[in-house]
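Asks: Please build the complex by placing chain B on the supplied structure of chain A, with the hints as guidance.
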Amino acid sequence: MSAYSRGVQGLDSGQLLLICAAGLLTVAGIANTAAVGLAEPQVAIGFGALIAAGELARLTMPGNREVAPISTAAALGYALLLDVGGVPATHSALQVVAVLAVGMIAGGLPHLAVGRAPRLDAIARRLLSGSLLAFAFRPLADVLRPGPGQAWWVALGVMVVLVALMLAADVVIASMLRAEQVRTAFGVAIRDETRMAAPLGAAVAASGILLALASHSMDMTALLAFAAPLLVTQVAFRKYAGIRATYLQTIRALARVTEVGGYVEPGHSRRVSRLAVAIGRDLGMAEPELLELEYAALMHDIGQLSLSDPIPGGATVLTDQAQARRIAELGAEVIRKTGVLGRVAEIVRRQCDGLDEHPPTASRIIKAANAYDDLVSGSTDRDRAAAALERLRLDGGNEYDPEVVKAMANVVDRLAPVNRL
Amino acid sequence: MAALRELPWPAKVYFVLLLGAAGVLLARSASAYDRLDWSSLLVLALLFLVCESVPTLLSVRQAAVSVSFSAALAAVVLVGPQAAALVAATAVLSVRPGLPMVKRLFNGAQFAVCAYVAGLAFQWAGGRVGLPEMGDFPALILPYGAATAVFVGSNVVLTGLILALAEGVGKRQVPVRNVVQFLVSYCGYATFGLLIAGLWATVQSISAVLVLLPLFVARWAFGQYHAQQRSYEATIAALCQAVETKDYYTRGHCTRVSSASSMIAEEIGMGTERLTAIRYAGMLHDVGKLGVPTKVLQKEGTLTEEEFAAIQLHPMRGLEIVRGIDFLDEAFAGIMHHHEKYDGRGYPMGLAGMEIPEFARIIAVADAFDSMTSDRSYRKAKPISEAVAELHKGAGTQFDPAMVAAFVRALDREGWEPPPSVSAPADLALETTAKDHDDPTAPIQVVSER
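The listed protein sequences derive, respectively, from chains A and B. Letter by letter, the first sequence follows residues 1 to 421 of our numbering. Letter by letter, the second sequence follows residues 1 to 450 of our numbering.
Next up, chain A with everything else stripped away, as it sits in the complex:
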């Protein structure tokens, strides 16, 4: 119960709207199917089972995006189904909705049983996009179904176009949710979501169409045979998502080394990185840049490890310029040794540059966020926050970028509850 209520409170209005729409659709689909009866029950059960299996094997991609490729492909396949081994598939769009909903719920239950709460918004999105396709395609199914000996090109063409439209709609929905959730511009969200969704979307679309076509010549064996290519894809993406998550966690963890060593105040790196990422989002940075910014912000003090003894208090805004620059150089040197985080090293190296040296935006953000945290140091006192912002503003564009300081003023209020943790 408590997990559920927390889940609902954590949702914003867009997500709630989406979940309500999906809920209504589910009720309508199941009620309608119950009233008119299930057309081709065996086929419905087969696809439903595949959807459930796909939901069971859902995975979380970078950026906390939940996907279930096998489930989505099966949903596409069922929506696009023309015939099974020569027997026409006559199910309605509402039956597709019902099968999707039941399959998704069945696949989500084992997760729930082991205490992993469902991401209602992600499930609702999958249900809605599958239903959209079904409503667009099912009415055309009778017209498009080729007779014996007829070519499949027209049906295939329509399938490809509709699936592409569906994926585009899905990206738009995802971007609207994302924009609201992390407060980024809609245009930036569209770019980020497209970049994330494109490879997996292509694989899922191909598999879904393949499934619909394969059911024609292979009967229900298609359900098993088709899963092979997508299973490989799923394994690959799971591994990729896993290492991305571990990477970020490791940097976050190792950034704390400076705190344990007494070089900086506890929580400093984490607070600076949170503030920096929020500012970067406000300034319209895209996800790959934000990731670099986050890494750089987490490790901005790593150069202090090369000093044999901590600077008392660790507040770099109060230490002299030469010392701060040396720390930045040393830190960049450490990061450059990885051989792969060259741009992150550059951001760290230039974090002390004045505006006349034209440092990259990420460096300006870190400089301002670092100074702010040194002045406020985790306190949630509003007066102190306002005073710190005022002090950065008074600098008048010598050290701190006025744009960055403006963005900081926008986000500081919003982050306040997080800082209290």
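Hint data in this document are derived by calculation from the structure and do not stem from the laboratory. Each hint should be verified, as a subset may be incorrect.
[Claimed, not checked] Here are some chain A residues pointing at chain B (derived, C-beta under 8 Å):
| # | residue |
| --- | --- |
| 1 | Leu-156 |
| 2 | Met-218 |
| 3 | Tyr-240 |
| 4 | Ile-243 |
| 5 | Arg-252 |
| 6 | Leu-254 |
Backbone N, C-alpha and C define an ideal beta-carbon position, used for all residues, glycine too.
Replies: Frame of chain A, contents of chain B only:
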């Protein structure tokens, strides 16, 4: 297998024989070519070439499996053994840069023979060559399975033979796990061939695109995964070294403990996932050392109890730092308990014998060994033989005898590259410590204040 003339003569004979066999086979099938569906053949050959040019889809290290195999099997079903051999022979033309002509010829001949034999097996098992009609499908599965088995079998034999002849029998011992992995991926790819053949009647070559698109996406994702993993390992190593910069003499310690730990783990037969975990645990085992004040690390002579307590705390500090990372729990246990002793006199918990987690028992051996074979400010590095003798001496009291034995076996086989000798840095007082908490031959002296 490099240039032809570098091969031993049995390999040369075999190579020529195989090439001849493939040539005869293709020539004899010429009679079958005039009733062929050339457009299907062309599309299949193109498909085969594309797949052959992007091999190692699943990056099984020992054996580069390529998806081309599924295209050849689809050809077996669609156009029959003779034409399938022709399709497979196009492997000669694959656009892989740096592939020597000898290898190309060998691959082409080898694939042609395999495809032909697989085609015969397909027909022998009752398969009908040609476009599968609707409803044919269940009858197709058994012959297709036979064709797959024969293809894989002859492929393994033909390639295995040349490797054995070229490099000497028995030199390449492929572990069982890899063979299983290899066979599983083969079966997976076989399914793709079946899908391509099954869909050919409906949408012809588009079926290949639909089947292969997810595979190419998977390949891309695997590529991303490997790139991320390499980048991750480089990053973690660099950051651990940054932690070590505090002490001039222990540079590279984490990387060496990591590799020694994985040597032991491999020797006792750990699986891939646990091997990865212990590599990371070995790398991170001392991150907590940063919480120990520099003056304690640099203090000459005996330590007070309070100072020794600070040192004893470092595994807990390390755990505290890395706890947020999604590792196997075993990795955490390894970091937390790497200073426990087998007789129960270690820290932080005083665990003994098998109470000490396996990872920790491994890291303890690797840690002490690297410490002894590296220079320290108070002594020069010991030779490997002497360090091994120390490990044997500590087996049963400080170390788990099984782990010491495993490490010694691994050392004998793989050898060990001790770190280069370090000359004392100019600014000695700043950058060195007067003792090493990892060194079993120089235990830390503690005086009681009471």
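Asks: Take the hints in turn and mark each one as holding or not.
Replies: So, going through the hints one by one against the coordinates:
Because the beta carbon of Leu-156/A sits about 6 Å from the nearest beta carbon in chain B, less than 8 Å, this interface hint is met. For Met-218/A, the suggested interface contact is upheld, since its CB lies about 5 Å from the closest CB of chain B, less than 8 Å. Using the Cβ-Cβ criterion of 8 Å, the hint placing Tyr-240/A at the interface with chain B is satisfied: the shortest such distance is roughly 4 Å. Satisfaction of the interface hint for Ile-243/A is found here, the shortest Cβ-Cβ separation to chain B being roughly 5 Å, below the 8 Å cut-off.
Taking 8 Å as the C-beta cut-off, the interface hint given for Arg-252/A holds, the closest approach to chain B being about 6 Å. Interface restraint check for Leu-254/A: the shortest CB-CB distance to chain B comes to about 5 Å, inside 8 Å, so the restraint holds.
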